[in-house]
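**Q** Listed below, chain by chain, are the residues.
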Amino acid sequence: MNIALKDMRFSMLRFALTAVGIGLLLGATMGMIGLYRGIVHEALLIINDVGADLWVVEGGRSGPFAETSAVPSSLDRRVEGVPGVAATRRFIQYNQQYDINGKSVRLAVTGIDYPKDSGSWIPLIDGRLFRSTRYEAIADQTTGLLVGDVIRLGHDDYTVVGLTKGQVDMGGDGMFFVTIPDSQAINRVLPSEAILLNRVAKGRSRMGLGDGGALAAVMVELKPNADPQLVKAQIKAWGDVEVLTKEEERSMLLDGRLWRLRVQILAFTAMTLLVAGSIIALTIYMLTLEKINQIALLKLIGARDRVIIGLIVQQALWIAVLGFSVALLISFTIYPHFPRTVLLVSEDLAGIGGALLVISLGASWFAIRRAMKVRAQEVLA
Amino acid sequence: MTAQFWPSHVVMEVRNASKTYLSGANEVRALTDMTLALKSGELTGIVGPSGSGKTTFLMIAGLLEPPTNGTVHFRDQPIANAATRLNNLRDFRRTHVGFIFQKANLIPFLTAVENVQIALEINDVRPKQAKARARELLAQFGLDHRENNYPSQLSGGEQQRVSIARALANDPVMLLADEPTAALDGSRGRQVMEVFRTLADVHRVAVCVVTHDPRWSDIFDRIVEMSDGRVVEVRPGGAMKARLQV
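Protein chains in written order, with my numbering: chain A, 1 to 381; chain B, 382 to 627.
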């Protein structure tokens, strides 16, 4: 007879509520870790997926993601001539709020250098890639747009030809991919006040830029045997630009712009883990304390220690397994509907599962120690 | 009442046992140089006021507490003394001793039949046989219709009968009961005492009952009166007198 299961069946509601409670705690922990992973993933999305080895940005800046950057729109031609460079693509990204179908929507307008770049690195869930240099767009599904939708941005209408998923910038705004000329045209439409301010700023800009015709960066793909450091040094020697490798871009974002946010989320995650661990341990210990009389009785009728240890460990493991299942259920059903990406990585989930196992066995060990001290005559107490 | 005399032998004997507890800085002497033998087929009643050492004797005889001085013998062989780790005697307890208390002390999450079955399974009886035997025992105590009820669904008397069935599951040679009728009304209390009488008479179990209740003196073979941790009087009970008269 499995007395651990008998007890659980008898107090099914109580055990179920305990498992749900632990599941919610673990779910919150998974969510925190997932949120952290999501923020990092979103921040690095373009850097990781676009396939650029070097980023040529405004001189003295760490653009285009960690800082703003503006370079001349003809810079890509200059870069193309550098030995070791296989291909260049122009890059623009900026965030703006638009009224679409009566709703305010924030878009991360991202320029794609079509036809050099067809956007084949964008994962489509519907529609197609670019076939024209003008007035076509690929939108992330978080924008609420659908294939075939026509929206007016600036002075022009843009047709959504493709729909993608999970393409958001580090602020969580859904990406709206258009060609470079379109992105420049959309950005050029400003209120008169902004135009005046831009004219003033243009005079003060180190690059002499400031209007909508500038690029944010030029992405460089190197030839297979090219030395990135050598190419970087050659371009940097021009003096008016800064060159960052893919790794440096990542590092600028994670250790620079996102550093405080990352530390904060990790600190919250650690706290959530600590609270979850303490509550799980306490729950398992309390379950044993509640059964002191029954443990004494089992000892009185001659039960071996393994019967009592089995009762405690099995219940701890059942609660852990059920709690973990509830946490997974919550995570995979609720988190996909969150506004920001909650990225559940199997390694993280396995880590939480492992930590839960250790906590449960650790708590069982304390509970077993307490149970072993129970004397049979305590039945009479 | 049966008039037959059966040959009895000593099952468990507590010899010259003393028990001292520490209560804060004070030493409390619960038992002083007590010697008492429990015999097979004999129903012994231990009576006396609260604090007279009745339960302490039961604990020592049942190998739940070691004596501070003195020894415990099983079939004339020493089995426990002050130095004995009673945890090591759990196997012996399981196979030789049955306990019954004022409260039935049933496991609340097991049904009546499972409460008896667990005692058998702990003694390595296979689950199927254990269940069959548990059912048989419950039927003997008129509880066959209640076997799937949880303790909370049973009356006090029914719970106590389940606890007796559990105590008897492994055919103990000795049954120790501490105020088993205290929580029962008169008729249910008598039913329980008559079960003990039958166990002694038919199954030859050495039964020792600690009680405050003077109503059961007619059922005991022997009444041991205790006071201040000592035996002050041993007298024949009603059952013994009835036999002698026959």
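If you're looking for bench data, these hints aren't it; they were derived computationally from the structure. Just so you know, not all the hints are guaranteed correct.
Here are the simulated lysine-lysine pairs, DSBU-like style, with alpha carbons at most 30 Å apart [said to hold, decoys possible]:
| hint | chain 1 | residue 1 | chain 2 | residue 2 |
| --- | --- | --- | --- | --- |
| 1 | B | LYS509 | A | LYS6 |
| 2 | A | LYS165 | A | LYS6 |
| 3 | B | LYS509 | A | LYS165 |
| 4 | A | LYS103 | B | LYS484 |
| 5 | A | LYS246 | A | LYS165 |
| 6 | A | LYS6 | A | LYS116 |
| 7 | A | LYS236 | A | LYS246 |
| 8 | B | LYS484 | A | LYS165 |
| 9 | A | LYS223 | A | LYS236 |
| 10 | B | LYS484 | B | LYS512 |
| 11 | A | LYS223 | A | LYS246 |
| 12 | A | LYS165 | A | LYS116 |
Example chain B residues on the side facing chain A (calculated, C-beta under 7 Å, incomplete) [as the list claims (entries may be wrong)]:
| hint | residue |
| --- | --- |
| 13 | PHE490 |
| 14 | PHE522 |
| 15 | HIS526 |
Built from N, CA and C at the ideal position, the CB exists for glycine as well.
**Q** Holds or violated: LYS223 of chain A and LYS236 of chain A, Cα atoms, limit 30 Å.
**A** With Cα atoms ~18 Å apart, LYS223 of chain A and LYS236 of chain A stay inside 30 Å; holds.
**Q** Run the distance test for LYS484 of chain B versus LYS165 of chain A: straight-line Cα separation, threshold 30 Å.
**A** Cα-Cα ~66 Å, so violated.
**Q** Given the hinted pair LYS165 of chain A and LYS116 of chain A, is their alpha-carbon gap at most 30 Å?
**A** It holds: about 23 Å lies between the C-alpha atoms, which stays within 30 Å.
**Q** Within 30 Å, alpha carbon to alpha carbon, are LYS246 of chain A and LYS165 of chain A?
**A** holds, 23 Å
**Q** Need the status of pair LYS6 of chain A, LYS116 of chain A: alpha-carbon distance at most 30 Å?
**A** The given pair, whose Cα atoms are some 68 Å apart, is violated under the 30 Å limit.
**Q** Does PHE522 of chain B pass the interface hint, meaning its C-beta sits closer than 7 Å to a C-beta of chain A?
**A** This hint is violated: PHE522 of chain B lies away from chain A, its Cβ roughly 17 Å from the closest one there, beyond 7 Å.
**Q** Keeping to a limit of 30 Å between CA atoms, is the pair of LYS223 of chain A and LYS246 of chain A held or broken?
**A** Holds: LYS223 of chain A and LYS246 of chain A sit about 15 Å apart, inside 30 Å.
**Q** Quick one, is the HIS526 of chain B hint okay against chain A at 7 Å, beta carbons?
**A** Hint on HIS526 of chain B: violated, closest Cβ of chain A at ~21 Å, above 7 Å.
**Q** Is the straight-line distance between the alpha-carbon of LYS484 of chain B and that of LYS512 of chain B 30 Å or less?
**A** The hint holds at about 24 Å.
**Q** Given PHE490 of chain B as an interface hint, is its Cβ closer than 7 Å to any Cβ of chain A?
**A** holds, 3 Å
**Q** Is the hinted pair LYS509 of chain B and LYS6 of chain A satisfied, with a Cα-Cα distance of at most 30 Å?
**A** Cα-Cα ~17 Å, so holds.
**Q** Between LYS509 of chain B and LYS165 of chain A, does the CA-CA distance stay at or below 30 Å?
**A** Violated, at roughly 58 Å.
Checked against the numbered hints above, the structure breaks hints 2, 3, 4, 6, 8, 14 and 15 and satisfies the rest.
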